[in-house]
Each structure stands twice: as structure tokens, then as C-alpha cells.
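Visitor: Protein chains in written order, with the working numbering: chain A, 1 to 465; chain B, 466 to 930.
Derived by calculation from the structure, the hints in this document are not laboratory data.
Just to be clear, a hint being listed does not mean it is correct.
[Stated by the list, open to error] Covered stretches of chain A (chain B as the covering partner; in silico rule of three or more C-beta atoms under 8 Å from a C-beta of chain B):
hint, stretch
1, 22-31
2, 48-62
3, 65-75
4, 100-113
5, 192-202
Note that the coordinates shown come from a computational prediction; the quantities given were computed from them, not determined experimentally.
Cβ atoms here follow ideal geometry from the backbone N, Cα and C, with glycine treated the same way.
2 protein chains.
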Amino acid sequence: MRKREDFIEWYPEVIEKANLSDKRYPIKGMNIWTPYGWKAMKLIDGFIRREFDATDHDEVCFPLLIPETEFKKEADHIKGFEEWVYWVTHAGTTELDVRLLLRPTSETAMYPVFALWVRSHADLPLKVYQIVNVFRYETKQTRAFMRVREIHFFESHTCHDSFEDAERQIQENVEIIERLSKEYCLPYILCKRPEWDKFAGAAYTIGIDSLMPTGRTLQLGSIHQYKTNFSEAYNITYEDESGQHKPVHQTTFGMAERLLGAVIAVHGDDKGVMFPPQIAPIQVVVVPILAKGSKTAVKNECQEVYHELKEAGLRAHLDERDLRPGNKFYDWEAKGVPVRIEIGNQDIQAKAVTVVRRDGESKDMIQRNHMMSKIKDLVNQIQTEMMERGEREMGENTHLVTSLDEAKTGILMMGWCGEESCGHEIEDQTGMSVLGEPVGHEEYSGKCIICGNDTKTPICVAKTY
Amino acid sequence: MRKREDFIEWYPEVIEKANLSDKRYPIKGMNIWTPYGWKAMKLIDGFIRREFDATDHDEVCFPLLIPETEFKKEADHIKGFEEWVYWVTHAGTTELDVRLLLRPTSETAMYPVFALWVRSHADLPLKVYQIVNVFRYETKQTRAFMRVREIHFFESHTCHDSFEDAERQIQENVEIIERLSKEYCLPYILCKRPEWDKFAGAAYTIGIDSLMPTGRTLQLGSIHQYKTNFSEAYNITYEDESGQHKPVHQTTFGMAERLLGAVIAVHGDDKGVMFPPQIAPIQVVVVPILAKGSKTAVKNECQEVYHELKEAGLRAHLDERDLRPGNKFYDWEAKGVPVRIEIGNQDIQAKAVTVVRRDGESKDMIQRNHMMSKIKDLVNQIQTEMMERGEREMGENTHLVTSLDEAKTGILMMGWCGEESCGHEIEDQTGMSVLGEPVGHEEYSGKCIICGNDTKTPICVAKTY
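Based on the provided sequences and hints, a complete structural model is requested.
Guide: Okay, structure coming up:
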């Protein structure tokens, strides 16, 4: 299977074949969202909006540009980003007094304003999110949806009156990820990153990682507990019930277009992309099988089926192009449409339609009179099975090891004493990265794989993108 | 009425009272979209998407940054924008070889790529749009939604195989504007701009202007016929059926957050903003009128009414804050919610609810058992009446004049011979701007208001923002 053997070549090829992104824009790492790719991304965004609206987050949109003076207020944060930011130095023919940077993330855009928005405990919790593009000057090799310089980005930012309430927010985020993963059919693990890999300015960071077909993990997003690190720098305080002014506790949650990249990588095959129905721009494509003598009847039947599908709320497409059916099949397989309906004279005679699953699991004739309920069931079934397939594959590539000699590809779980030196030793010996302690892991009792000391802390280790 | 007497003070005040935008961001002219303002803008965008999706435009998203080398290919265009653009000169600690600019509009981002997308007549028409933020370094005084430096922007771009097909596109755009104006309750005029005021690079420009309460017009958007001006510079050619390579004909259509600014300006009053129901973030607010002895019954009834409204698909809100009803009324009037439902013990006894229109046109008790159909009718009626009110007001302030002595405030229509010198003379004598010849105007026969020559061309003239 080419995907397994040569993922690095396979991945951009299936994206190009499906026309999800055009990388011929004259700036490296800044790609064009084509109509088809953008539709998929908007469906992905739609579920994020649903989840964050339902949990009382307000959508906002903050300016893109950040004054250098604001950016520099949190010392760790600026250090984490200074190699990565794009600088605006001129406007028209004028040189700016204060340089402006393109947001790489919006802490430093939002927090000076949060200081104005938050006055008393009655203003808390403050929960906002935005879906915007952010900019990072990547020096590593770029790759569509996975590593780009203009990134389609989701970020939520919350302020709380206590550490405990901020922790509850993080728990809410963990639940949101679980629900989203089912819509995207993306299995994942959550790991609390080690100290040396936490986000610039965070007290701790939870990474959301998904396993790619190469055995490497891809970080899909992250959740950060900031405690009062930013609120002290940006003076975001509230008056508590006793009249005291206190800094707020903050969290953030970020995800990006990598969600789409991961879906492509996890579910695609040698025919191309394979979209989970919930985020497929087209869920069902209708292809007429025309033969002499029945053309009009077949065309009419296809029209009728197409309109029924649309009315039933499915994202349907009727392919009336002047091409052979085989060419059409090839195109829609490359584009990852979950269900194909073929209608020819035989189907009409049998009062049926032929239904083919993109994942190759079945090709059936379905009676026309209960087509719609069958198609809806099938769409749900594909969604469930794609999730299960993804989880199975990730499970098969996650290994508990007790010696580094057992180290193979995929995600390795092992004991770690918690000492940074042993952590680095693991990384050095395996050439892998410590993802961190899995969130909510089962009770564990083992030994540090390096020093042999008893530990109750397992960690996940993997090669990463 | 303060709005009429002192629009310049009134306008930012009602925006602040309604909390539609926060201008305390530390960069002038770059404002924060608050949750309430952003909801309104997304509703406005939603109708744009509906219209452009329905007319076979594909939504895309092009990169924000444009290389200086691409930007400079169309000479007039760069001249029109060079004072206005923000320049990225550094990334990380590296000085860039080619400076990058933040898009002020996307012609020069899209057209090098259109040259790759368009090969043959079968690829035409190419019709795409995007809703993104653009950047213009405004030196005039900034004003929320009307003149800002980061602009929430809609732009469609089309390529055609002939001038005639491009003209049909412009006609389609004219029809789209007519439909949108009814959703936004925004009366407008379309004028073909005089030569000296057309868009940089356009063959001609049609401006979409709305009349503000001050008697000045505000340009809401514009449509451009480019002919082959850009396609020749960017080498966007197609192979016609005879195998010849020809440059495509292009059009664009742009609108921006000014739509929201115009709605505020046209429909607001001294109590605050007034939203047309179709774009109101909250269409109906339910306010409990609590009195001793009936609190629980009233609260329950309010909950029930609120849920019925939501289920009926209305954007409803239940105001359960611990405030006096009068304070709540004040808030929701400021925020422009079209319909308020008050429920107190009296209403419950009468099996009714009290329904108050934001525009002050009525306050009625409506029987509970046919509340929902009445509310829906009322919402539609308000929408229609707001449009009518706007149109009446614009009509009353549009005057046909035959001598510049008659010149007053509002939109003036007069004869013009078409000579640029007479046009400038009109501008000089009136201190107003020539908006141009009204699109699709009735047959006209008059004299040029300056030179007295016979003419069949009327023009509109107004003070503008």
C-alpha cells in the first residue's frame, strides 16, 4: 500500500488529486483554500462552533496585528515566539513608530482588553473563542494542512476566579474533544506535556495527539492552564466579594487545520482521500450509467434521486458530466465521497439503486421505495465504522514497554520517574519525543525505564511531526 | 432628535451602548468584534453566502500576504493603493528578500493563480468569493464599521469568455444587491462612477451608496468591470473553441462591514440601535415582570414562552437578570432587539403576553394561544416597514435640480454633459462629489447644469463619507 510505504509522497498527492488545497501560491507555506477543501474545513469549524456555543463561549474576532509593546509583556511567551513572527514595519510610505506583528496566537492581543472587560467576580467566568488565521514563520519543510505559515486556527480563551474553576474548564475542554473526535473520526490521546515542552507562558500544557500511518504522532491541538502567568503580566484582575483585587486564572484551547490533515492521513487510501460523512463536503454522489435506449429514463431517475437526497438534508451531488462512469468513480473516490449511488437501466427495471461505499465495505442494490432510510442508516454506519477503524489502528500501534530495547514504531507507553534527566535520556536513546503523561490514565505501577525507580506515572513517547 | 443634530457624536455612542464593537484595542482603527457585534455581522455574511452560493459562486480563501512583485504587475492598481498598504519586511529575525503586503483587496493575490486555474473555455465562467479581513492604512479619522484599518470584507471575483458574459455577471450582481437590501432594510442607489473616481485598474465602477442621516452618502460596496486590464497583466488566458488563446474578461464585487454601520446609522434612534429582524442577533427578548405572590408563575411562564420561541426558530433571549424591568427595557432598546415580550401576573390572568415593538409602533396584548403566529407575522411586518421607512426617507432626500442654487442636502440629481471639466465644476461649486450616473435610470432629457448643453445623462451628486 503506497500510503504505508511512502506517506511523504502519498499525502500531497491525494490532496492534489482531491483538489483540497493549491500550493502554487507564490509564497511558500501559504496555500490556497480551494472550494472543496474550504467546504470541508467549514464543516469541521461548524462542529467546533456548535460545541463552544453550547458551552457558553462567545465568539469574537480580535484584530490580527499586535503592537510589539503588548507582545513583550509576558517574557516567556515572547521568547517562545520571537523566531516565528512576521513583522509589519511600514504602512504606506511611513515607517511605524511601534512595530506590529501578525498574531501567531492571540493571548497578547486579547489580554490587554480582558483587563478592561473583567472588573468584578460577576464578569467571571469570561469565555470567548475565535476562528481566525494565524501566522508562523516555519523554517521546517511545509506540508498542506500540517505545517503551513498561514494557519486556519481555532482558539478559546477563558478567565476564572479560581484555579479550581479553570481546572473545570479544562475538564470541559476534554469532554469537547471527545465529542469532536467522533464527528471527525479522529482517535487521539491527551498527554500532559513535560515541563520542557510546555507552551510559552503556560503552567502546564495538554497536547492532543493523533497517530499518523507512519507511526509518528501529529499534534492536533492543545489545552493550556496558565494560572495567573498572563493575568499578572497584563493586569487582568477582578474584585472579589470582599472587595479584594485578584488576578484571574486563565486557560486556552487551540486547534487548527491539522484536523483536516489528520483526517486525510488517517482515513485516506491509495484511491485518495476518504471523508467521514459528518465532514464530507459531498456525502452522496449520484452517477448515471447511461446506455442507448434508456438515457432519458436514467437521467430523470437520477434527478429525482438527487432531489430526494437533498430534501432529506444530505449533501448530495449529481455528476452529469460527459465522461465515462469509470472516470467519474475514480474522481469521487479520490475526493473521498463516502457513498456513491449508481443508477442504470437495470436498476430502474429492478426498482432499485446501486449503492457503493467509498471504503469498499459493500456494494448493494437497495430497493427504491426504502432508499432514503437505508442511505441515512448507511451514512451513520460508515461514520461509526470509520471511527472504530481509526481507534483499532491506533490501539494496535500503542505499546506498553518495559525496556527501551522493545522500542518500536507507534506510541510507546513506559514508566518514568519524573526526573527531567531521565526524560531526556529516553528521548536521546529512542530518537523519539516524550508526549507526556496520558490524561486520566488507569492506575499504573512500574519502574522508570531509565533509572529503574518505582513510579506511578506512565508516559507516552513517540516520533512526532 | 440627537441623531439628526449630532450624528458624529450619536453614532459611536449607540455602538458603545449596544456593545457592538470595542475600540479600546491599542491600535487605532483596529477594533474588536464583540460577541454581539460579531453575531450581527455573521448574520449579514450569511445572506451574502446564501446569494453567492445560489448563483454558483464557490467560496475560497486566499492567503493574506501578497508578494510585492505580484502586486506591482497592474500599474494603475498599485498606484491606487501604494499609500494604503501595510508592509511585512521581517520574519523572525530575518529580513525578507521580497517584501510582503497585507491584502487591501485580493486581485493581486488571486490573479496569478487564476492564470493556472483557467485553461480553456470549459473552465469559464470562473466565479469565486471570499469573506476575509483586509487592511488599509487609513489616514482620515476612523469610525467603527465605517472607516477602519482592518476591514471585514466580502469580495467576489469572476472570469468570463467575453465582455458580454462579464456584463451579465454585473447584472446578476445588481439583482443580488436588490435582494440583500431587503434583508438588511438598506435602501441604496447604484451609480456608475465618473472616470476620475473609478477603482484602480477598473474599466468602470458601479458604486453602491446609502444615504446617512446627515445627508451624506456612504459607499457600501462596489462592482467593477475590469475588461481585460488585469488578465493581460497576469496572463489569465483561455483557449477558445478554435484553439486561440485569449485574455479573460473579469468582474469583481466588494462589500464590507459598512453594511452594519449603515444599518445602525439609518435605523438607530435616540434610544440606540434598531436591528431589522433578519439580521438581529436577538429577535425577541422576554422580560419577566415580577411582583410579590406571582414570581414563580411568571418565571415559569417566561421559560415556557422562551422555549416556544426558540423551537419556532426565532432568535430569542430570556432576561432573568436581577434588575428592574425598566433597566432591562433600556438595555434591549439600546441593543435594538425588534420585539420585546413582557409577562407579568396580569398577562397570565388574561392568558396573554404583552408585545412591544422596538420601533415604538405598537404595544399590544396578544392572546397566548395564538401568540406564535402573531409574533412571526409581527417580525415580518417590522422587517417590511423598516425597509419602507428607509426608502421613504431616502426618497424625501433625493432631489432633481436644474440649477446649482437649488442645491441642498441629500442626493441631488441633475443633468451633465459628460465632460470631465463640467463634472469637476459641479464638485467645486457644491462642495459635493459626483456619485455618477444612476444605473438603470428612467429616460432623461435635460441640460448640463454647468454648460447648458442638452444631455440624456443624469448624475447623482452628494456629500460623501
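Visitor: Determine which of the earlier numbered hints do not hold for this structure and return their numbers in increasing order.
Guide: 5
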